[in-house]
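**Q** Below, each chain spelled out in residue letters.
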Amino acid sequence: MTTAFISVQGLTRRFPDVSGRGELTVFEDLWFNVAEGEFACIIGHSGCGKSTILNILAGLDTPTDGHIITAGKHVEGPSLDRAVIFQGHALMPWLSALGNVELAVASRHPDWTRRRVREHAMKYLALVHLDGSEAKKPAQLSGGMKQRVGIARALAIEPRMLLMDEPFSALDALTRGALQDEVIAIRKATRKTVFMITHDVDEALLLADKILLMTNGPKAWIAEIVENTLPRERSRAELHKLPNYYPLRNHLIEFLVTRSREMAASSAPAPAELRSPPLVRPIATFAPYGAAASAPGPEAPVVATRLSAAHATAA
Amino acid sequence: MTQKWLGLRAALLSLALCGLVLGTWSLATSGSGAPVKMDPEYAKLMGATATHGKSAMPGPAEVGAKLWQHVKDPFYDKGTNDKGIGIQLAYSIARVGLGYLLAVAVAIPIGFLIGMSPLIGRALDPFIQVMKPISPLAWMPLALYTIKDSSISAIFVIFICSLWPMLINTAFGVANVRRDWLNVAKTLEMGPGRTAWRVILPAAAPTILTGMRISIGIAWLVIVAAEMLVGGTGIGYFVWNEWNNLSITNVIAAILFIGVVGMALDQLMAWLQRLVAYAD
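If you're matching them up, the sequences are chains A and B in order.
Take the first sequence: its letters are residues 1 to 315, numbered as in our numbering.
Take the second sequence: its letters are residues 1 to 280, numbered as in our numbering.
It is worth saying that the hints were derived from the structure and are not from the lab.
Fair warning: there could be bad hints in the mix.
So these bits of chain B aren't anywhere near chain A, every CB distance computed over 12 Å [what the hints assert, rightly or not]: (1) 10; (2) 12; (3) 28; (4) 39; (5) 44; (6) 65; (7) 69; (8) 112; (9) 128; (10) 131; (11) 144; (12) 176; (13) 217; (14) 263.
Just a few of them, taken from the derived set where beta-carbon distance is under 7 Å, the chain A residues facing chain B [as the list claims (entries may be wrong)]: (15) 60; (16) 80; (17) 84; (18) 90; (19) 93; (20) 94; (21) 139.
Just so we're clear, the structure is a prediction, and the values are computed from it rather than from any experiment.
Don't be surprised by glycine CBs; every beta carbon is placed ideally from N, CA and C.
This is chain A alone, in the form it adopts within the complex (with noise of 0.2 Å):
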């Protein structure tokens, strides 16, 4: 385990409900690391408080119990070193593709002069193959190019990490494809550490080093963490000829569509197992097909491989 970069440490958030009276718990008790250079996704069911995590994380929200560590920092509000991808782009529609980069750039470094923050955000539209686009409005750009204009407003800030709240959801399957493309390229370029929310088991095993599970909210908890076991050079097109890709996939959706339910209908883990999420590698057996007839459900060739219930926390 290497150092933990971004130290999520027994993060609770509570709502006052409906009635104003009681209070509702979104989860309890989160614990887990990502580390630098690595790219987490976070998967569950609307209401498990996902992008709750992510809004503590950015410093919009602030945890009702527990804390978050990030480069050695208590995260005590918004910072120009996490930058947010927003699920609904957030362009400023009266400001072109440019200047909606330029007001990012501009509060990044006040004290650049115009034409070095022109300079600077060209450099970043260009990245995301928007130079030629740049004098339009949101109103005027396509979904996609709104949500490239809004990565390189997040990575014109030169953050130390990404987090991205369901960035492509809102997306056709064929513009989340190459922007998935271009998250992949921009990644291998910069290293950046990313946290990101996703609705799709297919884009958490494109993207991601490690994918954590959350149980159904309300009171909802991180099931465990899979470790994405697929090469690190992976691309769309391949994705689904890779020897682990069927078990992994199908982990996830097992949890998804059964286990996130039942977990949540269960009573919570003892504290002790909550600081330390087990870590799964879902991996194909040798065993082909039609051999693992013993083998329960539909996910016949999977196997999960339980390795250390006690990986590390950062102290």
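Once you have looked at the hints, place chain B on chain A.
**A** For chain B alone, coordinates are given in the frame of chain A:
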């Protein structure tokens, strides 16, 4: 193509309607009754009004001639009660402009404050609710008594009537800026001043401009009444003065000028509105 034809057809219809109105007006005011038998000397003195049952209302031709006369020489000044209509309109526009700009200077900052702080918003709400429905002219005696200057009192009345739509719209626009945009500002560590200037103001600008457009309309409505009360100068005073002179021709001409200037002010605001509008 159809759009072009629609425009042309609408223009033709407008012209036809205009002709119809002018024609009816002309017919209704031309003397067509039977000649009244009277002493020719007396009839000459009384004119067509008495002899042919002609209405005292001027016809379109008379009003047209008067309008042309005003347009030809709008800025003459022959003493207190005989100034060109251009001068009178300029007085009114200046009063509206002054009162309105004062209202902008007060309403937009306070609107921002109300929009950004729910505490201040709720604290000020009862005052706004009570003050808003008061007819601006009801302030006139109080203004005259405290300010002791009729011209400034008129400006105050314009100020007070322009204030509310702008204040309420600014507060509404500021309070309803998209959460996402504010979150972007936060994650970019923008200070409150920079957030207000670079995010909230442009985001709320269309709503603010809508309030400003309503305000200028109300201000132009109110100035005529206010000037009738305070007297001296201005288009409102001109209308009242011509009524006292029993010059209906001048009254009608002034009404038309009031309409044209009101339309121009509204179009100016519409242009500003288009300037700050954004497609989402």
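**Q** Each hint needs a verdict: does it hold in this structure or not?
**A** Hints, verified against the model:
1. Separation of residue 10/B from chain A is adequate, the least Cβ-Cβ distance of about 29 Å exceeding the 12 Å criterion.
2. For residue 12/B, the non-interface assignment is confirmed: its Cβ lies about 36 Å from the closest Cβ of chain A, beyond the 12 Å cut-off.
3. Every beta carbon of chain A lies more than 12 Å from that of residue 28/B, the smallest distance being close to 53 Å; the non-interface claim holds.
4. For residue 39/B, the requirement that its beta carbon stay farther than 12 Å from each beta carbon of chain A is met, with the minimum near 77 Å.
5. Every beta carbon of chain A lies more than 12 Å from that of residue 44/B, the smallest distance being close to 71 Å; the non-interface claim holds.
6. No Cβ of chain A comes within 12 Å of the Cβ of residue 65/B; the nearest lies about 50 Å off, and the non-interface call holds.
7. The Cβ of residue 69/B sits about 48 Å from the closest Cβ of chain A, beyond the 12 Å cut-off, so the non-interface label holds.
8. Consistency note on residue 112/B: stated as away from chain A, and its beta-carbon is indeed over 12 Å from all of that chain's, at 17 Å minimum.
9. With a least CB separation of 28 Å from chain A, residue 128/B remains clear of the 12 Å interface cut-off, as annotated.
10. Residue-level check passed: residue 131/B sits 32 Å from the nearest beta carbon of chain A, beyond 12 Å.
11. Its beta-carbon lying about 44 Å from the closest one in chain A, residue 144/B satisfies the requirement of being farther than 12 Å from that chain.
12. Interface exclusion of residue 176/B from chain A stands, the closest Cβ pair being 14 Å apart, more than 12 Å.
13. No Cβ of chain A approaches the Cβ of residue 217/B within 12 Å, the least distance being about 25 Å, so the stated non-interface status holds.
14. A cut-off of 12 Å between C-beta atoms confirms that residue 263/B is not in contact with chain A; the least separation is 28 Å.
15. Against a cut-off of 7 Å between C-beta atoms, the interface hint on residue 60/A holds, since the closest Cβ of chain B lies about 5 Å away.
16. Here the hint on residue 80/A is kept, as its CB sits about 5 Å from the closest CB of chain B, short of 7 Å.
17. Here the hint on residue 84/A is kept, as its CB sits about 5 Å from the closest CB of chain B, short of 7 Å.
18. Below 7 Å, beta-carbon pairs count as interface contacts, and residue 90/A has one with chain B at about 4 Å; its hint therefore holds.
19. For residue 93/A, the suggested interface contact is upheld, since its CB lies about 4 Å from the closest CB of chain B, less than 7 Å.
20. This hint holds: residue 94/A has a C-beta 4 Å from the nearest C-beta of chain B, less than the 7 Å allowed.
21. Hint status for residue 139/A: holds, given a least beta-carbon distance of 4 Å to chain B, under 7 Å.
Violation of the numbered hints given earlier is absent; every hint is satisfied by the structure.
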